[in-house]
Every structure is written in structure tokens, then in C-alpha cells.
Amino acid sequence: MAKNGGTRIPIGVSTVVAPSKSEAEGGDALLEQFTREFAAALQLVREKQAKELTATTFGCDKGDAANAPQEVAFFGAIAQKLVPLVDRLICAPPAHLSKTKKTELLLLMGDKFFQVQEFRAASVFFYEKVLEEDESVDFQGEPTPHQGQAYVRALFGVAMCCFHVQKRLDGCIRHPGTLEKMVEALRLLQTGMEAAVTLEPKYTNQF
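Counting from 639, one number per residue, gives the positions in the sequence shown under the numbering used here.
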């Protein structure tokens, strides 16, 4: 879970130096390669989900939470593909792939994994990586509007993933730990909304 204490509210615009044409083309090719590999992993998720759904619901009450399909991307073979793939993306040299493009792809894939209800994978492999990268950067001057937008989107993503994981595990909130984690998710949402409100006057139409 991402830390919500001492979070920085990114505001401001910094000077951006445009890459050369060859660098831009190389970055686009590398981005397309990563996008294809993530799309292939996502297809594996859909296929495994379909198999799990058939196995767990055949002859059972589909409304029974105990028989509901479980997440398949956070453990096992798919996770073993995703972890090194995400690491390769993050470690790609800035000259080959800009931080902005890395962040955009992480957020995009986080959204896609969220849409197929792979909440743990969406949070840990994608949204939280955006927040970790945000915390690790020592900005010279003020961060760009894009960094502010990415920060808020990642916070919202982590919060919603946390909520849905707890809802799936303990929908009736029978255990105190479930309530604590849902409160933590609400705090993250609050932090994200405060950041968005702070950014909104300077960057209209960003959120």
C-alpha cells in the first residue's frame, strides 16, 4: 500500500527539452514493444479467468462468495511474467523511453488490469510503481502538470484497488481488519482529492 504521510502535491511547470527525431522514434518503438508484451499478459489473464470461472461456478451457486473467481495475475505464472516486465520498463534508460511515457503506460495498464478485476496486480505492479517513482525523483524546480495528474490518478487507483480487494474478501465487513483497510483507502482518496483541488485552479481541464 502506498504511503499517505508526507505526500507532495505536484504543482508548477518546468522546462522540457524536446528529444531528437531519432530518440523519439526509438522511444516510440520501445513503448510499442512494452505495450504488446503487457497486452499479451493481459490476454493470458482473461484466458485464465475464463478457466477459473468455469471451474469454480460449475454446479455451484454463482452468488456464493466462496465460489467467486479469484484474482489470477498477482500470483503464479502470470505474476512471474509481469514482475520482470515492469522492472524492465522502469529501468529503461530515459534516453530510450521518457519517464512521462513510462508513467502513462503504467497508468494505462493499471486501468486495464483494474477493469478485469485484477485489483492486487493493478495496485502493486502499476499504480504503486507510479507513486514510488514519484517519490524517488528529486525535481529541479517544480514538477510538471503531467506529474501532478499522474500522482492523483495513481492515488485513486491504489485506493479503489484496496477497497475492491477488501470487498471481495469480506463483503459484509465482519472483521475489524477489513474496516481498517477500507478507512485507509478512504484516506488515500482524500489525499488524492486534496491534491486535485490544489492543482485545479492552475491547470483547468487536467482532471
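Treat the hints as calculated values from the structure; they're not laboratory data. Hints may be right or wrong, so weigh each one.
Under the rule of at most 25 Å between Cα atoms (straight-line distance), these lysine-lysine pairs were calculated in the DSS-like manner [claimed, not checked]:
# : residue 1 : residue 2
1 : 739       : 689
2 : 819       : 805
3 : 719       : 689
4 : 750       : 719
5 : 689       : 805
6 : 750       : 819
Small disclaimer: the values here were computed from a predicted structure and weren't measured.
_Violated hints, by number in ascending order, as checked against the structure_ = 1
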